[in-house]
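Peer 1: Listed in order, the protein sequences are those of chains A and B. Note that our numbering gives residue 135 to position 135 of the first sequence, counting from 1, and the numbers run on in steps of one. Note that our numbering gives residue 145 to position 145 of the second sequence, counting from 1, and the numbers run on in steps of one.
No lab work stands behind these hints, which were simulated from the structure alone. The hints are all genuine.
To give a feel for the contact side, a few chain A residues facing chain B, derived at Cβ under 8 Å:
1. M1
2. K2
3. H4
4. V24
5. D27
6. R44
7. L65
8. A131
According to the in silico footprint, chain A covers these stretches of chain B (three or more CB under 8 Å from chain A):
9. 7 to 14
10. 43 to 55
11. 99 to 105
All residues carry an ideal CB built from backbone N, CA and C; glycine is no exception.
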Amino acid sequence: MKKHPISFKLNGERVSIEVEPSDVLIDVLRDRLGIKSPKVGCDRGDCGTCTIIMDGRTVRSCLALAVEADGAELVTLEGANTSRKWTRKLQEKFHRKNAFQCGFCAPGIILSATELLEKNPKAGKHEIKEAIAGNLCRCTGYEPIVEAIEETVKGK
Amino acid sequence: MPIATQFEYVKPADMDEALQVLAMYKEKARPLAGGTDLIVHLKEGFAKPEIVLDVKALKELSGLSLKNGVLRVGALVTFAELLESAAVKKNFPDLWEAAGTVASTGVRNRATLAGNICSAVPSADSAPPLLAHDAVVRLRSQAGERLVSIHEWFTGPKRTALGPDELVVSVEMAVPEKKFGACYMKLSRYDGEDLAQGGVEAAVFTDHNYRVAFCALGPVPARALKTESYLKGKKVTEQTVKQAGELLAGEISPITDIRSSREYRTHMARIMLGRALETAVSRLSGRGPKYGEGNIC
Ligand SMILES: Cc1cc2nc3c(=O)[nH]c(=O)nc-3n(C[C@@H](O)[C@@H](O)[C@H](O)COP(=O)(O)OP(=O)(O)OC[C@H]3O[C@@H](n4cnc5c(N)ncnc54)[C@H](O)[C@@H]3O)c2cc1C
Ligand code: FES
Ligand code: FES
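Make a model of the complete structure from these sequences and hints.
Peer 2: Laid out in structure tokens, this is it:
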């Protein structure tokens with residue numbers, strides 16, 4: 001099939017590559033651009049481990065074609081860490097609270113929480129649970145994750 | 001996982017060009033909006049188009065507005081945008097409530113209302129409020145524009161009145177003249193991201209007219225007209241709820257599948273109707289839980 005030259009901003013840097021129409025965004029990020037924070041979990045939209053920020057909103061990168069990223073601004077955990085206000089704070093809190101075991105879900109959950117706190121810096125438990133409802137964690141039982149986000153809100 | 005099907009990707013900025021592609025390729029071309037259904041179908045091989053027609057650059061399909069008492073939801077409007085709209089929350093709080101039960105933020109940020117009704121799975125959460133308010137779907141093809149009532153839209157599971165050469169431009173509905181209270185009650189296995197095992201909406205107007213609509217309780221989402229006409233003019237009491245539940249049970253035709261059994265769905269449909277009616281009535285009188293709260297069974 002005809003290849004498409006596309007270009008987008010990835011964590012602040014301009015990237016220009018050629019992709020096949022059928023290339024999926026997460027595969028291009030991980031296998032061609034070396035961005036490893038988004039993970040392939042279910043590969044069909046259910047688990048949220050592939051979460052990235054596209055034009056300011058979290059999306060599932062397993063459910064986007066790479067060509068759709070043409071002209072977009074993409075942020076992954078690798079870049080959010082320095083460019084978004086809440087990400088680093090969340091990471092530190094998660095670390096201190098031991099909020100992960102295997103860590104596979106961590107990048108997705110931290111980005112979902114980043115999006116929530118950017119919109120609602122005073123989010124309560126209910127909003128927090130809502131915001132991470134699409135991010136599955138098979139290890140922790142969620143309690144330490146929710147607490148870590150709550151404590152980030154409180155600035156403890 | 002790579003997509004096995006090979007297709008061309010086009011993203012016209014011009015409506016005429018988009019319609020021309022559809023006229024030429026018909027079923028072999030598939031419109032792409034948020035991709036939350038289509039990309040899953042491409043991966044699983046259920047959809048094998050020759051052309052994927054990305055409609056996201058078409059200006060005609062964008063925009064969410066309330067003008068002259070009509071809400072217009074452009075085909076590119078996502079569930080996240082519906083939830084952020086004060087006009088939707090104020091005028092169609094039931095649509096707002098239903099939108100909040102769709103998937104989770106990361107999916108709602110891309111998933112469109114139009115895509116939801118085009119996929120037309122029996123469990124489409126957006127359908128009950130659209131049915132309750134007699135929404136119309138505006139379609140465009142090279143032959144021109146046509147309007148299809150939401151009541152004629154769902155023609156079977158995953159089937160709609162959309163022609164292969166047509167695009168959905170917008171979904172529109174008129175703000176009711178009378179004040180109403182409503183509730184979209186969704187039955188899911190857990191509080192979080194899950195497709196409906198069943199969904200029931202009840203709306204009550206100040207003149208004791210009722211609207212009852214359901215999803216995931218039959219091959220297509222639909223209105224429960226017998227239940228509505230029984231309720232007309234009556235007050236919601238234990239007795240009327242019981243009778244209405246019996247009528248609703250006769251109007252639905254649920255199946256047994258991986259999510260639940262036919263018997264359980266039928267049983268829960270009665271309970272959901274009762275809760276939805278009581279919540280709708282209390283909301284109309286300014287009491288009751290806020291929209292978006294207490295509506296998951
Ligand atoms: C994890 C997950 C959870 C979900 N949970 C729910 C849920 O709880 N409730 C629910 O109702 N849904 C749920 N869904 C499905 C929901 O996301 C989709 O139905 C969505 O609304 C479809 O919109 P889209 O923009 O993503 O459409 P796409 O996937 O882009 O397209 C869907 C279909 O519509 C067609 N189409 C799109 N736009 C147009 C147009 N303008 N004109 C003509 N045809 C068009 C496409 O060709 C395709 O056939 C879930 C999906 C996922 C992945
Ligand atoms: S890998 Fe994308 S949602 Fe699971
Ligand atoms: S820590 Fe293992 S999946 Fe969340």
